[in-house]
Structures are given as structure tokens and as C-alpha cells.
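Enquirer: Turn these sequences into a full structure, and let the hints steer you where they fit.
Protein chains in written order, with my numbering: chain X, 1 to 109; chain C, 1 to 250.
Warning: the hint list may mix true and false statements.
As the list claims (entries may be wrong) - Distance windows between CB atoms, simulated:
1) C:R13 x X:K82: 37 to 47 Å
2) X:S15 x C:F71: 27 to 37 Å
3) X:T77 x C:F147: 51 to 61 Å
4) C:I211 x X:G68: 49 to 59 Å
5) C:G51 x X:G101: 30 to 40 Å
6) X:K52 x C:R32: 22 to 32 Å
7) C:V215 x X:S15: 53 to 63 Å
Hints are computed from structural coordinates only; laboratory data are not their basis.
Glycine included, every Cβ here is placed at the ideal spot set by N, Cα and C.
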Amino acid sequence: MLGEFEYLLITAAASLADAAYGAAIRQEIEDATQKSCAIGAIYTTVDRLEAKGLLRTWMGEATPQRGGRAKRMVEVTPAGMKAAKEFYLAVERVSRDASWGPSGARRPV
Amino acid sequence: MKVAWRLSEWASRLLEPAEREAVLGDLTEAGRGPLLSFVEVFDLVLRRQAGHWKNWRPWVAAFGISVPTSFLFMGDSVALCAGFVKLAGDATGGNIAPGIMILALKALVLTGWSWTCGYLVGDVSGRTLWCSILAYGSPCLFCLSRFRIESLSRSSLLLFVFPLAVGIWHGLRGPRVGSRMAVCAASIITLLAVISEVCGPGGTGNACSWIGSLVLTCPAWFLAIASLAVTKESAKPETSLLEREQHESI
Chain X
1 MLGEFEYLLI
11 TAAASLADAA
21 YGAAIRQEIE
31 DATQKSCAIG
41 AIYTTVDRLE
51 AKGLLRTWMG
61 EATPQRGGRA
71 KRMVEVTPAG
81 MKAAKEFYLA
91 VERVSRDASW
101 GPSGARRPV
Chain C
1 MKVAWRLSEW
11 ASRLLEPAER
21 EAVLGDLTEA
31 GRGPLLSFVE
41 VFDLVLRRQA
51 GHWKNWRPWV
61 AAFGISVPTS
71 FLFMGDSVAL
81 CAGFVKLAGD
91 ATGGNIAPGI
101 MILALKALVL
111 TGWSWTCGYL
121 VGDVSGRTLW
131 CSILAYGSPC
141 LFCLSRFRIE
151 SLSRSSLLLF
161 VFPLAVGIWH
171 GLRGPRVGSR
181 MAVCAASIIT
191 LLAVISEVCG
201 PGGTGNACSW
211 IGSLVLTCPA
221 WFLAIASLAV
231 TKESAKPETS
241 LLEREQHESI
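Expert: What follows is the structure in C-alpha cells.
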């Protein structure tokens with residue numbers, strides 16, 4: 001089972017598709033969570049997920065706005081997508097009857 | 001501000017080259033400012049260093065090899081220097097050739113021990129080398145500050161440092177020692193150590209000296225056994241690749 005941050009990272013990378021790399025993933029996570037996210041947390045989690053076979057990374061092209069430095073591109077593997085889907089379904093199932101969940105919201109508090 | 005960027009660049013040197021490139025690029029692109037960038041790079045360096053310490057290798061290199069052998073090496077260095085000073089004092093009378101031979105043998109053994117220890121430390125814990133160097137440096141500084149032998153210079157404590165540094169360099173960057181050469185070197189070091197102990201001032205009765213020699217000879221045999229194991233494993237391609245991967249990940 002994925003951790004919460006691992007799920008966020010895989011989902012952000014999947015949303016960004018071909019444009020998934022460190023800075024873009026961080027921006028995506030910060031926009032979604034409204035919280036700051038350390039670049040160190042991104043890279044250590046990317047390494048962990050890559051070791052588990054849930055992500056694939058490679059060095060991409062350098063751009064002028066990065067000071068001529070290369071990007072570390074990220075791609076979610078089929079195993080990563082499966083793991084993220086399982087996590088999402090588990091969260092959905094466990095939230096069903098919670099007061100903030102889909103059916104809980106209709107219950108009188 | 002320039003200082004903060006310099007610090008970021010400096011801190012990022014502790015990262016892998018590809019990761020350094022990607023991280024510094026990400027921070028430039030995000031435009032978070034030099035100070036925040038330094039904090040972020042430092043945070044990643046700390047995370048990476050903490051990750052290395054989950055393995056047994058850095059612990060063995062720093063606290064199993066560096067700290068104990070630094071004291072033994074300093075003891076041997078001082079004994080060697082004291083021997084030469086004593087021999088120089090006796091030079092006026094009698095035959096000093098046997099004494100010179102024994103001291104030369106001891107110097108050779110000390111060189112062999114310190115090189116093998118350095119090689120092992122460099123090979124086992126390349127990414128946490130700074131800590132192993134601290135583990136060697138701290139006892140040396142402690143002993144240097146308390147050195148009180150008037151007939152000897154303080155630098156006599158540090159005779160082992162040069163071969164140790166060369167060994168570390170070879171362990172980090174040099175070609176791997178072949179199994180035959182490693183076994184041969186371990187045998188020669190052991191033989192020379194035994195001869196120098198037997199012919200030394202205490203002869204066969206100095207237990208402490210024998211134990212010290214035994215401890216300092218262990219890294220040479222560890223290298224020999226490890227290189228034999230690697231040679232054996234390389235016969236099985238899949239296992240050796242896995243081993244190599246595990247070794248490189250540290």
C-alpha cells in the first residue's frame with residue numbers, strides 16, 4: 001500500500017504526463033494541498049518509488065530558465081498506476097460513511 | 001545573496017552529479033531565492049546522508065575500523081619514531097644494522113596496515129567518507145593535544161597518515177584489487193607482522209603488541225576474503241550484478 005505522499009507524487013506525475021519532473025511535480029502538489037513541499041521530499045520519494053518499480057526516471061533536456069541544467073523526468077509505470085488506483089479506492093471505501101464522505105454528507109449530524 | 005548561492009552549490013557537491021544538476025535546475029526554475037535554495041539543498045543532502053546510515057557499512061567504516069585503528073596506528077607510529085631516535089643515540093657503539101632492519105620492517109608493516117585500512121574504508125563507505133575521516137581525525141587531534149614526549153616531534157604520531165590517505169584514494173577511485181593480489185598482500189603483511197613482532201623488543205611475550213598486530217592485520221584478510229567472494233560470485237552473472245548494484249547504492 002502506498003503512503004499518502006507517495007500517492008500525491010504518483011498522481012501529480014500522472015497528471016503532468018510528459019511534463020513530469022521535480023519542479024513541476026512540486027508545484028502540482030503544492031497547488032493541490034495548499035502546503036509547501038520540500039524538494040528533498042520529492043527526490044527521496046521518487047527514488048523510493050523507482051526502487052519499488054512504480055516510477056521510471058531519466059535525465060531530460062536543459063532549458064535556459066533552469067540555468068542550462070537538465071531535468072529529471074518522471075513517468076508512472078503500469079504498476080505505479082495500479083498502486084495509486086488501489087490507494088484511491090481504499091480511501092474512497094473507508095470515507096464512504098464518514099461525515100465528510102459521499103454518503104455521510106447526506107446524514108443529519 | 002551570492003554567498004547563499006555559493007553555499008547551495010557547495011552543499012550540492014555532496015549529491016550525485018545527475019541529482020545535483022536536476023535539483024539546482026529545479027531551484028533555479030522555481031525562483032525561490034538563494035537562501036531558501038540553500039536550505040532546500042541542505043535538507044536533501046541531510047536526507048541522503050541519513051539514508052546511507054541505514055546500511056551497516058558506514059557504521060563499520062567509522063566506528064569499527066577508523067576509531068580503533070587510529071589509536072593503534074598512532075601507537076605504532078610513535079614506537080617506530082622512538083625506535084629510530086634510540087637507534088640514532090646508539091649509533092656510536094656496536095652494530096646497528098639488525099636494529100635498522102627491524103625498524104624498516106616495522107615501517108613496512110605499518111605502511112601495509114594503514115594502506116589496507118584506508119582501502120577498506122574508502123571501498124566500504126565512499127559516500128560517508130567524511131564521517132570516517134572525522135573518526136580518524138578526532139582521536140589524532142586528541143592525542144596531538146596531549147602529546148608530551150620531549151624527544152619526539154608531534155608529527156611522529158602521524159606517520160601512518162600518508163599511506164592511509166593513498167589507501168582511501170585507491171579504495172574510492174582505483175581499480176579493484178584482484179583476489180590473488182589481495183591474498184598475496186594479506187599473507188605478506190601477516191608474515192612481516194609476525195617477523196617484526198618476534199624480532200621486536202618484547203619478542204613473543206608481548207601480548208598487547210600481538211593483539212594490536214592481529215587487529216591491524218584483519219582488514220588485509222577481510223579484503224582478501226571479500227575479493228575471493230567477488231571472484232566466485234562473478235561466475236554467476238545475475239548474482240554478481242545484484243551484488244554490484246547493492247554495492248553501488250551505498
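Enquirer: Against this structure, judge whether each hint is valid.
Expert: Taking the hints in turn, this is what the structure says about them:
In this structure, R13 (chain C) and K82 (chain X) meet the distance hint of 37 to 47 Å, their C-beta atoms being roughly 38 Å apart. Under the hint 27 to 37 Å, the C-beta atoms of S15 (chain X) and F71 (chain C), about 57 Å apart, miss the expected range. Between T77 (chain X) and F147 (chain C), the C-beta spacing of about 60 Å keeps the proposed range 51 to 61 Å intact. As the Cβ distance of I211 (chain C) to G68 (chain X) is approximately 58 Å, the hint placing it in 49 to 59 Å holds.
For G51 (chain C) and G101 (chain X), the Cβ-Cβ distance of about 37 Å falls inside the hinted range of 30 to 40 Å, so the restraint holds. Between K52 (chain X) and R32 (chain C) the CB atoms are about 29 Å apart, so this pair conforms to the stated range of 22 to 32 Å. Checked against the hint of 53 to 63 Å, the pair V215 (chain C) and S15 (chain X) passes, with Cβ atoms roughly 58 Å apart.
In the structure shown, a violation is registered for the earlier hint numbered 2 alone.
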